[in-house]
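Chemist: We have chain Z; now place chains C and A onto it with these hints.
These protein sequence lines are chains Z, C and A, in that order.
Okay, so the first sequence: first residue is 1 according to full-length UniProt numbering, each after it adds one.
Okay, so the second sequence: first residue is 1 according to full-length UniProt numbering, each after it adds one.
Okay, so the third sequence: first residue is 1 according to full-length UniProt numbering, each after it adds one.
Think of the hints as simulated: they come from the structure by calculation, not from any bench.
Check each hint, because a few of them may be wrong.
[As the list claims (entries may be wrong)] Computed Cβ-Cβ distance ranges for the label pairs, DEER-style: (1) G87(A) / F565(C): 44 to 52 Å; (2) E61(A) / I592(C): 43 to 51 Å; (3) L194(A) / P271(Z): 33 to 41 Å; (4) L47(Z) / A509(C): 33 to 41 Å; (5) E487(C) / V104(Z): 33 to 41 Å; (6) I43(Z) / I592(C): 55 to 63 Å; (7) I43(Z) / I499(C): 24 to 32 Å; (8) I43(Z) / E487(C): 24 to 32 Å.
Think of the CB as a built atom: it goes at the ideal place given N, C-alpha and C, for glycine as much as any other residue.
The lines below spell out each chain.
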Amino acid sequence: MKKKGSLLVILTLLTFLLSGCTSELLVLNPKGPAAALLSETIIFSVLMMAGVLVVVFTLFTIILVKYRASNSSPDYEPPHDEGSLKLEITWTLIPIIIVSILSVVTVKSTIAVEKPPAGYENQKPLIIYAASSNYKWHFSYPEQGIETVNYLNIPTGQNVEFRLYSYGPITSFWIPQLGGQKYAMSDMVTKLNLVADTPGSMMGKNSNFSGKGFAKMEFEVLAMTQGQFDEWVNDVKKTAPPLTEEKYDQLLTTEFVGRESFSNTHLEFRPAPEDHSSHFKKPGQKDEEQDSNHENHGEHGEQHKQESEVEDHSNH
Amino acid sequence: MNWDKFIVDGLKHGDPLIIGAVVSIVLVSIAIVAGLTYFKKWGYLWREWLTTVDHKKIGVMYIISALVMLFRGGADGLMLRMQLTAPEMKFLTAQHYNEIFSAHGIIMILFMAMPFIIGIMNVVIPLQIGARDVAFPRLNAVSFWLFFFGAMLYNIAFVVGGAPDAGWTSYFPLASTEFSPGVGNNYYAIALQIAGLGTLMTGVNFIVTILKMRAPGMTLMRMPMFTWSTLITCIIIVFAFPVLTVALALMMFDRLFGSQFFTMTNGGMDMLWANLFWVWGHPEVYIVILPAFGIYSEIISTFSRKNLYGYKSMVASMAIISLLSFLVWVHHFYTMGQGAAVNSFFSITTMLIAVPTGVKIFNWLFTLRKGKIVFTTPMLYSLAFIPIFTLGGVTGVMLAMASADYQYHNTMFLVAHFHYVLIPGTVFAVIAGMYYWFPLIAGFKLNERQGKAAFWTIAISFNVTFLPLFFLGLDGMTRRQYTYSAETGFGPLNLIATIGSVGLMIGFALIVYNIIWSFRHAPRETKGDVWDGAGRTLEWATHIPVPVYNFAVVPEVDRLDAFYFAKKEKRSLFKDKIEKIHMPSNNGQPFILGAIFFFWGFFMVFSMWKSAIVAGIGVLILLAMRTFERDHGFYIPVDEVKKTEQSYGGDSV
Amino acid sequence: MKIDNSLPLEYRNEENRFRIIGFWIFLGAEIVLFATLFLTYFTLWTRTGSGLTAADVFVLEPVLAETFILLTSSFTCGLAIHAMRQGLIKPTMWFMGITLLLGAAFLGIEIYEFYTYVHEGLTLQTSAFASSLFVLLGTHGAHVTFGLLWGIAIMIQLKREGLNETTANKSFIFSLYWHFLDVVWIFIFSFVYLKGLM
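Okay, chain Z solo, but in the shape it has when bound (with noise of 0.2 Å):
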């Protein structure tokens, strides 16, 4: 029968898909703690989910072919069936009892790669705050005073811990081979903790949709060791141009730039839309938030004007 045909080459090519090529797709293929526990999560669920597959394609082959109506007797009368509370429960608990395993191995695998990896939760975190603006990022390294756009160095066995956000649409954050991806948005900073093993040059993109240049968002993530790191945030610091408020400007209101470098970092000057209580001023406690807080709330005001100002220029 042509339907059991084409559901075999289906299911050879899948097998063969799966067992010869995993080792060439990006998302199967980690250099970091975090995207080996993902992906070893994901071959998980594809194993039990390929054991789903293979009962029901099984049962539907059988029943296709023992009960076609060319393979019984012209007066053969197919029974009256209500249905079976037994097999009936049976088809409930055991997806249940699936659902359950896979409820576990999704619970713990989620706390997980919201962390630090294992192992790394007592190091010092080496922090980089990764910011979008139009279609390109922009990399900061607060502790080391540098900048970079549309490139990104990190060091190997390090905790990189990610501030993500975005000076307009909504983008994602994502370099498959060391995690999971995480959005970047405009009033807010997300975290996002990875580290690279081994030394190399990664894709890194922006995966969720932002408008017309979305396509050219990707970067390249380049995870070399402690010494080449020091070295290079050196080598940058040395010879790479400051970066002004007002170089700061153009590079946001420009669509497309390639790399760049510089020797400071915006945040100086624009600061990240960390401070998320400004935000959720209650309307009953203005007063008293004023009078407790009175030496900050200047800079706060002060940080909100850059911020629209940062906006309205994005905007074009």
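Modeler: Below, chains C and A without anything else, positioned relative to chain Z:
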């Protein structure tokens, strides 16, 4: 007046695709008008179609519109695939690509899948419950015309003013006036609103119809499965669509009146849009998939000549799915940073949906078991659905796992998944339903040989098109990217997918050929119950094509599949004598109301306030006319009913 | 058409019974609509940006007056239906008229309220809080406005035709709508105004 704002950019820049679209729209319009005038069909069109309140004709109009939209959306899909065939293709520009993928999503979900499903509901539900029409025939016409004119408004965006380009999800701040300054997303907010109102009314209408108009003796647990699925779907519609109404209204306020709901300043919250959109958006998925489950249940049971296995658990599983559908919306944005606890909760609720769905799959398999399976065209689609949808379903479970989703989100893996559930789920179902119930309206079956050829072309091409996308996704290819470089290595699999999509287009063209051929050559049926007497439900108990009053005498039902058992035991479901039949009268107001809404929407899109207010007053005037009107319908006299029954050579009553 | 004379006038024929059930289901949809607007408001009401807050603009007295007026109108609307059930056309008309007048008074105060907000510097464009407040109140106000027009249309029909199955059915459905708007207002009063004033 400044006419410049009405002209789309593509036309100004001389884009051949846009010019082609404009020219073909103009030519087709001229051809339709000329044809209607030449054949003197204007009166016929107005009397028989535009003013009709007959549920069957409204259903047919829904299905025709949906088929047209299927080709519009299909052509979009084909263009997207062309652009992705090879690295760095220059077939479409980024802007054009963005408009087309937005249109593909909106049209396929809202203007193809939904109206196709609703069209089938319209044709079948009253027949299946032994009723003469829906509860509110006039409102039904209003629903259709609101959908129709909403869809038309959306479709003219490509040639007048500029099309939405922020995706079918229209996430803010991308869809705000700041980042999408053209009128495109105004079309989105308003066209969808108009069509959505129509859908909401359909929901109310069919709930009352099913709850209150069933044939005597048809208790809830004796309803056919398609009726059950429609009832549950309509309940979801009533609870989910108002959320879309609000979301679109807020979007309209933000874009047209400068409010601050989703803006980046003054406290606006872009995440609120995503939440509102998906609180509607996820139930919407089940609005198009549950009726499909109902259609498959009918067809599988009919062509295995067996009653549906596990009827009660089938109903229960649909009820559970409908509840869960409201509790899973966050899985569309696990990556928004809401933390492990929230994501874990929504992972579990999402995976739980696999349980009732699994129950349904096994119940269908066990309906087939010990059956006498006949491979008709509708049955082929229903059978193909089981394995393909299972593949779509299990990838859905994989996507439900929050941690893993951090790697699938926004990738081609996701695109492959939802095409694997929506095409075998909804599209196969509506095509199967069309083949299955076609004789009710047309009086003949579609040619089986051609139907099967189309089926195999579609089923194989579908897998060729979408299977590669799973692997592209795992390789890091994101959705909505209009181009990619050769180094990514995405080329070969994309080429395979594009080849498959051409096959899909051929398959759908074959279906159209099949319909046209059958209109001219297919043998006309003389009796109802055309599928070799295998019909089990009431729609097969009347004549074919179904007379305007559906049933000369209202059938009485004493069990599930009553018609099947009546045949077997050689008794009749029709006990009463023929009496005069009350019918609703035709009316042009629904059509006019829809047309006024179209103009209102158009004026709103272009911020032409005075004209919009005039159109708004027009809507109020029509509502006032309706409340002052006294139309109690008319009666078909007994003699006429008898004459009609005799013309069918009828002895069934 | 199936007719059952043991039922109240508005329920008597089948079509009209369908209309009442249909309208109940429609009210279900309306509940979801307002619930969504409320949730939007609760999400955004602290997000005032640099604009005025709820405590800055809310004043209890006019809102309290609105509440009493609308509650009373709901009561008189109930009386109108009661009179209708007794088959008394005059009192039905009178109570309907009072209901609509009270509705108009409510609307007048609400417009005045909006006017003061705008005057004090809180407009639709000020902040997320202001947008959600105006749209929530405005949606309710628009419903009341529509109710007034609808009510007038029904009164004209009552005047022309007296009480019959059709007019009784329309009046009854109108009363469901009016009571529903009252309930929504009670939520607005408690969770928007009182909470904002606290």
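Chemist: Is 43 to 51 Å a correct range for the gap between the Cβ atoms of E61(A) and I592(C)?
Modeler: The hint (43 to 51 Å, Cβ to Cβ) holds, given that E61(A) and I592(C) are roughly 46 Å apart.
Chemist: Kindly confirm whether 33 to 41 Å is satisfied by the beta carbon distance between L47(Z) and A509(C).
Modeler: holds, 40 Å
Chemist: For E487(C) and V104(Z), compare the CB-CB distance with the range 33 to 41 Å and indicate the outcome.
Modeler: Hint holds: Cβ distance 39 Å, inside 33 to 41 Å.
Chemist: Mind checking the hinted window 44 to 52 Å against the Cβ distance between G87(A) and F565(C)?
Modeler: For G87(A) and F565(C) the Cβ distance comes to about 49 Å; the hint holds.
Chemist: Range first: 24 to 32 Å. Now tell me if the beta carbons of I43(Z) and I499(C) are that far apart.
Modeler: Holds: the Cβ-Cβ distance is about 29 Å, inside 24 to 32 Å.
Chemist: Note whether the CB distance of I43(Z) and E487(C) lies within 24 to 32 Å or breaks it.
Modeler: holds, 26 Å
Chemist: Does the Cβ distance between I43(Z) and I592(C) fall inside 55 to 63 Å?
Modeler: At 60 Å between Cβs, range holds.
Chemist: For the range 33 to 41 Å, tell me whether the beta carbons of L194(A) and P271(Z) fit it or not.
Modeler: holds, 38 Å
The earlier numbered hints are all upheld by this structure, with none contradicted.
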